[in-house]
Each structure stands twice: as structure tokens, then as C-alpha cells.
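Colleague: Sequence:
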Amino acid sequence: MEPQDGTAEPQGDSGEPQGGGCAPSSFTRDDRALQAGSRPAGCPPASRPAVVVAGSLNMDLVVVCRRAPEQGETVSGERFFTACGGKGANQAVAAARLGAPVAMLGCAGDDAFGDQLVAALRAEGIDTAGVRRVPGPSGVAAITVEAGGANRIVVVPGANAHFKELDAAARRCIASARVLLLQLESPLPLVEQAARVARAAGVTVILTPAPVPPDPLPPGLLEAVDWLVPNEHELWALVGGEAGPPGSGSPAEPPAPGAVGGSSVPGPGRPVAGPAAGAAGAGGTGTLEAAARRLGEGRIHVVVTLGERGCLYVPPAGAAQAIPALPVVAVDTTAAGDTFAGALAVALAEERPVEEALQFATRAAGISVTRPGAQPSMPSRAEVEAWPGPGNRGHAPPVPPR
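Note that my numbering has the sequence shown beginning at 755, numbered continuously upward.
Incorrect hints may appear among the rest.
What follows is a set of in silico ranges between Cβ atoms, one per label pair, in the way DEER data are often shown [as the list claims (entries may be wrong)]:
hint, residue 1, residue 2, range
1, GLU1051, GLU900, 17 to 27 Å
2, HIS987, ALA915, 20 to 30 Å
3, LEU1080, GLY826, 34 to 44 Å
4, GLU827, ASP864, 19 to 29 Å
5, GLU1051, PRO968, 26 to 36 Å
6, HIS987, CYS819, 28 to 38 Å
7, ARG820, PRO943, 36 to 46 Å
8, GLY994, PRO1070, 27 to 37 Å
9, PRO1107, GLU1051, 15 to 25 Å
10, ALA822, THR1124, 34 to 44 Å
11, VAL910, GLY831, 28 to 38 Å
12, ALA923, PRO943, 39 to 49 Å
13, ALA915, GLU824, 28 to 38 Å
Since the hints were derived computationally from the structure, they do not count as laboratory data. For every residue, glycine included, the Cβ atom is placed at its ideal position computed from N, Cα and C.
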């Protein structure tokens, strides 16, 4: 499991990490041809990925404590460990463990962290031909995890800041995929370029808009996005309501469980009606659904992840739907959002119906919060499909990439 002494993971002769947060998953996929280095640059037709992830690779430096310190306060931690992470790499691992052929595009430093980050992706069978090694330190994320699993994260981009433009091979790789996963830990011009390449090729684009930038998202980026997957706080920040909806308190104090913008969450798969579908409130942002519709502009599928309350799906047209979370006890929520995004990408690549895709993603995210770490917590396909509930298909393999 995770190291307890504050040291990074030891490496074997191969340079791959042994044990701890960067250890290979016990889930082994049949398609071993996806091992890094087996696919030439540009993703030739014989080995195209179903999912391409363009984004960040970070080493997570995790402190587990009863509560995070207030300003000027020192508290004692209970445990420290390192784990491979970064929103991009996390989403790639989540998708790979769920059975999809995956390619990763990004940058890692020429340091020991970079070695571990790339080795961890390779151990999952992810194509890393598109991960460039650049001089300097890799990205890092300082994470505190409190009792109950809540976390606070500060990211130093490091090598991720060098991921500024797609080369020809990366553009071909994106164009060959079924789904492109994007986040905002990479420079915005790169994210927009990747989205536009995918849009031109008819590839489905999923954007996790985190961290939320200080300025509005570029219109060109939103025009190329098919799915937006913010959490509740990110949604309000993106629509200009950083303090949250009227009556909900600050981002650190979300609405009570069972409430969405002042309206009750309907049962599984049931449409949202009444005030939750209504007009904006005192702050001009109104309910969650109204905010999501404003963000989606009638074109984009918006999925607002709500932690222990599941998620709210707001389509470009038609009624919103609430998908309940799994009834689990959270240990660490660090990877929940990235697991959800990776699972959603896999389900959409398999051409599952939307509600079934959201149920699949919700189950995967729910399992991930029951154990510590980011990538170490992500479930296998067998684990997700074994969980009882609607939308399960047993252990059917993914649809082959186009």
C-alpha cells in the first residue's frame, strides 16, 4: 500500500515503481498491444485508441489529517504518501482500467517523478508515445485529505506548462479516437487546439473545467466541446456565481443533501421538474439546472457532479435527470471526478445510452472514494460491473475503436 514514512516509491531495475501509489493495477487487460512503445507515433489504424487524453501528469504529495489547518495554524498529520496523479493521467488510468485502449498526450519532467509518472501509465497499458519529457521538474500537487475524505489541492504545473502545442502525430492520434478527454491543468491554447482538432474529425470531446481559470472560457473552446463535467463549485464559478447559489452558502458549505439549488433531487433517472427547471434567483444564477443550461448554451451536455448526491445531467434540450451516488463510506474523494470522467468517456466510446453511461460513471466514481489515493483508488471494469444496479452489462468488452 502507500508508504508511511514520507518517501517516494522505490523502483525496480526496470525503473517502474514497486508498491504504493504508482504501482500497477491488478486489473490486466487482454489488449497488451497497447503497452507503451508498441504503437508508433500518430496512432496508425491497426491500433487506434478509443480514448485519447490530452492533459496533465502530476506527482501527488498527500497528507492525511483529521482537519486542514486554518490560516496561520499548524496541525499534526496522520499519514503521508506519494501517488501518481494529475487530472489528465488520472482520467487516462480510469479509462484504461475500465477496458478502453487509451493514449496519453502531455509533458513530464526529466526528474525521478517524471520517470515514475510515465512508468505508471505504461504499467496500465496506456500508450505514452505522446508524452514528452522536458528539462526541469514534473508537475506536483500538494493534497490534504481530511476525515470523511474531503480534500484540498494546490497544483504546481511544472512540466505541464510546456504542453503548449500539438505536433502532427498528436493531431493524428486525436483524430483517430472515439473520445477526447480534456482538463484545464494544461495551457488553455493547447486545450482549445486539441478540442478543435477533435471537433473537425468528429471525435466526441469531454471537458472537465478544472481548475477554473480566472477569465471566462474561450468561446472557441466551448464551441468544440460536446460534454462539460464540472463539479458544483466549478459550475458556479464558470457562470460568474463564485459564492454559490442564493441560500447555499459558500463553496465550502454546499446545499444540504437532497437539495439542488433549493429543489429536491428526484429519484434515479427521473426528470427534474418545478423550481429546479425554473428561472434565476436573486444572484442571477438561480438553480443548478438554470446555471448548467446557461453554461451549455443549448448545445453542450452538462453533467454536474455532486459528490455524495450523485450527479445532475442537463442535456442541450429536454428534462434534466438526477443520478444518485452509490451508498458508500468515503475515505478519499481526490480521484472521484477524474474517475467519473474516464468512465464516462469509456461508456460513450461504447455508444451506451446516456443514462446508462452516467450510471456506469457514477458507480466507478463511487467505488474510487472508498480507498485512498488517486490512481490507486480507481476500479477495474470487473469491479464496476459487479456492483448491482441499473445499467450493468456484465463483463461485455468495449466496442472496438473505429
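Colleague: Now tell me if each hint is right for this structure.
Modeller: Now for the hints, and whether the structure bears them out:
Between GLU1051 and GLU900 the beta carbon distance is about 36 Å. The supplied range of 17 to 27 Å is therefore violated. As the Cβ distance of HIS987 to ALA915 is approximately 24 Å, the hint placing it in 20 to 30 Å holds. Remark: the range hint 34 to 44 Å for LEU1080 to GLY826 is upheld by a beta-carbon distance near 38 Å. Taken as a hint, the range 19 to 29 Å is violated for the pair GLU827 and ASP864, whose Cβ atoms sit roughly 37 Å apart.
Restraint check, GLU1051 to PRO968: a C-beta distance of roughly 21 Å breaks the suggested window 26 to 36 Å. Taken as a hint, the range 28 to 38 Å is violated for the pair HIS987 and CYS819, whose Cβ atoms sit roughly 21 Å apart. In this structure, ARG820 and PRO943 meet the distance hint of 36 to 46 Å, their C-beta atoms being roughly 41 Å apart. Hint check: GLY994 to PRO1070, Cβ distance near 21 Å, so the stated range 27 to 37 Å is violated.
Under the hint 15 to 25 Å, the C-beta atoms of PRO1107 and GLU1051, about 24 Å apart, fit the expected range. For the hinted restraint 34 to 44 Å between ALA822 and THR1124, the CB-CB distance of approximately 21 Å leaves it violated. Checking the proposed 28 to 38 Å range against VAL910 and GLY831 shows it is violated: the Cβ atoms sit about 20 Å from each other. For ALA923 paired with PRO943, a C-beta distance near 19 Å fails the hint of 39 to 49 Å.
Here the CB-CB span from ALA915 to GLU824 is close to 31 Å, well matched to the stated 28 to 38 Å.
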